[in-house]
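Chains as they are written, first to last, in UniProt numbering: chain A, 1 to 327; chain B, 1 to 354.
It should be emphasised that the hints constitute simulated quantities derived from the structure, not laboratory data. Any given hint could turn out to be false.
To be verified - When the alpha-carbon atoms are kept at most 20 angstroms apart in a straight line, the in silico SDA-like pairs for lysine to any residue are as follows:
no., chain 1, residue 1, chain 2, residue 2
1, A, Lys20, A, Gly72
2, A, Lys79, A, Asp57
3, A, Lys271, B, Asn198
4, A, Lys263, B, Lys25
5, B, Lys202, B, Val190
6, A, Lys263, B, Asp226
7, B, Lys90, B, Asp80
8, B, Lys202, A, Ala269
9, A, Lys263, B, Asn147
10, A, Lys271, B, Asn147
11, A, Lys271, B, Asp242
12, A, Lys271, B, Ala187
13, A, Lys243, B, Arg272
14, A, Lys263, B, Val190
15, B, Lys202, A, Asp255
16, B, Lys202, A, Ala64
17, A, Lys271, B, Leu199
18, A, Lys271, B, Gly160
19, A, Lys263, B, Leu199
20, A, Lys263, B, Asp80
21, A, Lys263, B, Asp242
22, A, Lys243, B, Ala270
23, A, Lys263, B, Gln267
24, A, Lys271, B, Gly43
25, A, Lys243, B, Asp226
26, A, Lys79, A, Ala64
27, B, Lys202, A, Lys20
28, A, Lys263, B, Leu89
29, A, Lys263, B, Gly43
30, B, Lys9, B, Leu89
31, A, Lys271, B, Leu203
32, A, Lys271, A, Gly42
33, A, Lys263, B, Asp217
34, A, Lys263, B, Glu44
35, A, Lys263, B, Lys90
36, A, Lys263, B, Pro321
37, B, Lys90, B, Glu44
38, A, Lys271, B, Tyr150
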Amino acid sequence: MLLEVRDLHVEFKTRDGVAKAVNGVAYAVDAGETLAVLGESGSGKSVTAQAVMGILDVPPGRIAGGEILFKGRDLLKMKEDERRRIRGAEMAMIFQDALSSLNPVLTVGKQLGEMYEVHRGMSRKDARAKAVELMDRVRIPAAKQRVGDYPHQFSGGMRQRIMIAMALALEPSLIIADEPTTALDVTVQAQVMDLLAELQREFNMGLILITHDLGVVADVADKIAVMYAGRIVEAAPVHEIYKAPAHPYTRGLLDSIPRLDQKGQELYAIKGLPPNLLRIPPGCAFNPRCPMAREVCRSDVPPLYPVTESPVARASACHFWKECLHG
Amino acid sequence: MAEPLLEVKDLVKHYPLTQGILFRKQVGAVKAVDGVSFGLHAGETLGIVGESGCGKSTVARMLVNLERPTAGSIAYKGEDISRLSGRALKAVRRNIQMVFQDPYTSLNPRMTVGDIIGEPYEIHPEVAPKGDRRRRVQELLDVVGLNPEYINRYPHQFSGGQRQRIGIARGLALQPEIIVADEPVSALDVSVQAQVVNLLEKLQDEFDLSYVFIAHDLSIVRHISDRVGVMYLGRVVEIGTDTEIYEHPTHPYTQALLSAVPVPDPQARAHRERIILSGDVPSPADPPSGCRFRTRCWKARDRCAAEVPLLAVPEVFPSGPAAHPSACHFAAEKRVVPHVPPEGPGGGAEQDTD
Numbered sequence: 001m002l003l004e005v006r007d008l009h010v011e012f013k014t015r016d017g018v019a020k021a022v023n024g025v026a027y028a029v030d031a032g033e034t035l036a037v038l039g040e041s042g043s044g045k046s047v048t049a050q051a052v053m054g055i056l057d058v059p060p061g062r063i064a065g066g067e068i069l070f071k072g073r074d075l076l077k078m079k080e081d082e083r084r085r086i087r088g089a090e091m092a093m094i095f096q097d098a099l100s101s102l103n104p105v106l107t108v109g110k111q112l113g114e115m116y117e118v119h120r121g122m123s124r125k126d127a128r129a130k131a132v133e134l135m136d137r138v139r140i141p142a143a144k145q146r147v148g149d150y151p152h153q154f155s156g157g158m159r160q161r162i163m164i165a166m167a168l169a170l171e172p173s174l175i176i177a178d179e180p181t182t183a184l185d186v187t188v189q190a191q192v193m194d195l196l197a198e199l200q201r202e203f204n205m206g207l208i209l210i211t212h213d214l215g216v217v218a219d220v221a222d223k224i225a226v227m228y229a230g231r232i233v234e235a236a237p238v239h240e241i242y243k244a245p246a247h248p249y250t251r252g253l254l255d256s257i258p259r260l261d262q263k264g265q266e267l268y269a270i271k272g273l274p275p276n277l278l279r280i281p282p283g284c285a286f287n288p289r290c291p292m293a294r295e296v297c298r299s300d301v302p303p304l305y306p307v308t309e310s311p312v313a314r315a316s317a318c319h320f321w322k323e324c325l326h327g
Numbered sequence: 001m002a003e004p005l006l007e008v009k010d011l012v013k014h015y016p017l018t019q020g021i022l023f024r025k026q027v028g029a030v031k032a033v034d035g036v037s038f039g040l041h042a043g044e045t046l047g048i049v050g051e052s053g054c055g056k057s058t059v060a061r062m063l064v065n066l067e068r069p070t071a072g073s074i075a076y077k078g079e080d081i082s083r084l085s086g087r088a089l090k091a092v093r094r095n096i097q098m099v100f101q102d103p104y105t106s107l108n109p110r111m112t113v114g115d116i117i118g119e120p121y122e123i124h125p126e127v128a129p130k131g132d133r134r135r136r137v138q139e140l141l142d143v144v145g146l147n148p149e150y151i152n153r154y155p156h157q158f159s160g161g162q163r164q165r166i167g168i169a170r171g172l173a174l175q176p177e178i179i180v181a182d183e184p185v186s187a188l189d190v191s192v193q194a195q196v197v198n199l200l201e202k203l204q205d206e207f208d209l210s211y212v213f214i215a216h217d218l219s220i221v222r223h224i225s226d227r228v229g230v231m232y233l234g235r236v237v238e239i240g241t242d243t244e245i246y247e248h249p250t251h252p253y254t255q256a257l258l259s260a261v262p263v264p265d266p267q268a269r270a271h272r273e274r275i276i277l278s279g280d281v282p283s284p285a286d287p288p289s290g291c292r293f294r295t296r297c298w299k300a301r302d303r304c305a306a307e308v309p310l311l312a313v314p315e316v317f318p319s320g321p322a323a324h325p326s327a328c329h330f331a332a333e334k335r336v337v338p339h340v341p342p343e344g345p346g347g348g349a350e351q352d353t354d
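One chain only, chain A, in its complex shape (with noise of 0.2 angstroms):
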């Protein structure tokens, strides 16, 4: 396995008390794999993604518990100078804001170059020659003219390119994507999606996508991890899930996004909101906006219970997973 997550707890410490943002997460990636992390703001999806590149923001931010094992090693008990050789040349990330991520006041090709003169120590002149390479990978059109640009130069959908060209410079075998076409304009989605998913492919990436939309995880994820409130509730293979889901909130989601290829009815709505992590109701977090929700839920946090073991495996966070599931 590229990288296991096993029982990760991370916190933070907020005027008003101590925001518990993951409670004991768990997913693993191989590689070629893409696992699409689902869910709302606040979910937890995010940090846990910081938390396995390195750069959670502590304080306020803590790990609590867990290990994150990246080919078999603990990522969590590494020196910190160990940990910076391996993020950038091994893991990386590409965000979600391409125009914030970038550095206004330098040019692309310098910041991509950076990657190798630090990493590889390259010459600046080679490293520049590697950069109008990368360029021309992502398909930036006239990347020989283009590479002495400013990130404000470029159009959005361009920018998200030079991202993944940063991310992917130095070959690594792990990719974290958070919400990485979420800024984009649906036509340049499509491209910027297309682009990821052949890159994966040439060099048998594991790929992990954070994101809240559904449509994007069901055209390009292998399997996917929904998450609610710190806390994965329901994990299986994209096509399991989209046909039964095993868990009331993952059946809400599904419920409630309008079609392109049918025109509904009213929208199932999920009632009320996600809750405050400051305060996680007690039993299962989601009971309060569930509609199955019955007394054990409010007193007894539902383990991640087994649904099927093989061909595939799925679990579901929720002690009524079966009624859910064929209900």
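Using the hints, position chain B against chain A.
Showing chain B alone in chain A's frame:
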């Protein structure tokens, strides 16, 4: 058909580009909106879709008179309102209200919810006499699904979805006939989006409202709209009923746009043909000659560069669902939205029939 409630004709908005400090001279113009026409009938929802920079928000702002058009007319019940001012403008504005995209910046953080929703009554006191306003505001809160006791709270005490409800309540305060909603749900989480979309539909039935619903999310637009207009670089390229646009698109841009939308169904992966457009949208300061889409269109020929295609029903389609206005010289029907029979919980809705 009855006369439309709102009729927009050849609407144009150019923003001048100037040079020089002392002697400013105009060197060009950003053609944000360049000849847009459509009608809105009583009780209907017109969806306007397009990507960023296509001019859809500028159209919205002109409809509620936040921007003055450079040319063209906006007729409300037969009267051109785009040149009105003073008292006449104020009277018309009461009937056309707006709901904004970002519920975090469109509410004044220093005003209570009661003051925000009640402020329209300060400008139009004839709608609610002074002693009656508090009760009216509480009624509005109830209508949009918020607790009437929240009247003295401030915007920061609410979540994004609740704030959008406050913005909707403010839009309803003056009992308008038309609501222009510019991306009203795009800042919200998926589960909250559905709540707000359902609320808008409920309010439409209850108060007999007409909506101009502007969004970039094609699935939501189909869900809520009776008719849909597709914009590209300041022009409407295709307009028709939701079935005409989504099931029988004839303009290549509409086809590309629809094919690019991710469908939340992994089974659709196999039987989908995606049209990936090359390049970016050209600058509205210097749009291509002839058809504006030709630089990215796979069908473009010489005629497309020479002749501007008009938004009209293509001659090749005398009748049927493809016979709706489309601004393409070579309009051809192409079905791009895969039709997977509903299965499992994601489906359940009945199929469309004309």
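Hints and how they fare:
1. Lys20/A - Gly72/A: Violated, at roughly 27 angstroms.
2. Lys79/A - Asp57/A: holds, 17 angstroms
3. Lys271/A - Asn198/B: Status holds; Cα separation ~12 angstroms.
4. Lys263/A - Lys25/B: violated, 51 angstroms
5. Lys202/B - Val190/B: Distance of about 19 angstroms is within 20 angstroms: holds.
6. Lys263/A - Asp226/B: holds, 10 angstroms
7. Lys90/B - Asp80/B: holds, 14 angstroms
8. Lys202/B - Ala269/A: holds, 13 angstroms
9. Lys263/A - Asn147/B: Roughly 32 angstroms between the alpha carbons, so the hint for Lys263/A and Asn147/B is violated.
10. Lys271/A - Asn147/B: holds, 15 angstroms
11. Lys271/A - Asp242/B: Violated - the C-alpha atoms of Asp242/B and Lys271/A are around 28 angstroms apart, more than 20 angstroms.
12. Lys271/A - Ala187/B: Given pair Lys271/A, Ala187/B holds - Cα atoms ~18 angstroms apart, limit 20 angstroms.
13. Lys243/A - Arg272/B: Roughly 18 angstroms separates the two Cα atoms, so the pair holds.
14. Lys263/A - Val190/B: Distance ~18 angstroms between Lys263/A and Val190/B Cα, so the pair holds.
15. Lys202/B - Asp255/A: holds, 18 angstroms
16. Lys202/B - Ala64/A: Violated, at about 46 angstroms.
17. Lys271/A - Leu199/B: Holds. Lys271/A to Leu199/B sits at ~13 angstroms (cutoff 20 angstroms).
18. Lys271/A - Gly160/B: The hint holds at about 14 angstroms.
19. Lys263/A - Leu199/B: holds, 17 angstroms
20. Lys263/A - Asp80/B: violated, 35 angstroms
21. Lys263/A - Asp242/B: Measuring from Cα to Cα gives roughly 9 angstroms; hence the hint holds.
22. Lys243/A - Ala270/B: holds, 15 angstroms
23. Lys263/A - Gln267/B: holds, 19 angstroms
24. Lys271/A - Gly43/B: violated, 28 angstroms
25. Lys243/A - Asp226/B: violated, 30 angstroms
26. Lys79/A - Ala64/A: Measuring from Cα to Cα gives roughly 17 angstroms; hence the hint holds.
27. Lys202/B - Lys20/A: violated, 37 angstroms
28. Lys263/A - Leu89/B: violated, 38 angstroms
29. Lys263/A - Gly43/B: holds, 18 angstroms
30. Lys9/B - Leu89/B: Cα-Cα ~19 angstroms, so holds.
31. Lys271/A - Leu203/B: holds, 18 angstroms
32. Lys271/A - Gly42/A: holds, 17 angstroms
33. Lys263/A - Asp217/B: The given pair, whose Cα atoms are some 14 angstroms apart, holds under the 20 angstroms limit.
34. Lys263/A - Glu44/B: holds, 16 angstroms
35. Lys263/A - Lys90/B: violated, 38 angstroms
36. Lys263/A - Pro321/B: holds, 16 angstroms
37. Lys90/B - Glu44/B: violated, 24 angstroms
38. Lys271/A - Tyr150/B: With a Cα-Cα distance of about 19 angstroms, the restraint between Lys271/A and Tyr150/B holds, given a limit of 20 angstroms.
The structure fails to meet hints 1, 4, 9, 11, 16, 20, 24, 25, 27, 28, 35 and 37 from the earlier list, while all remaining hints are met.
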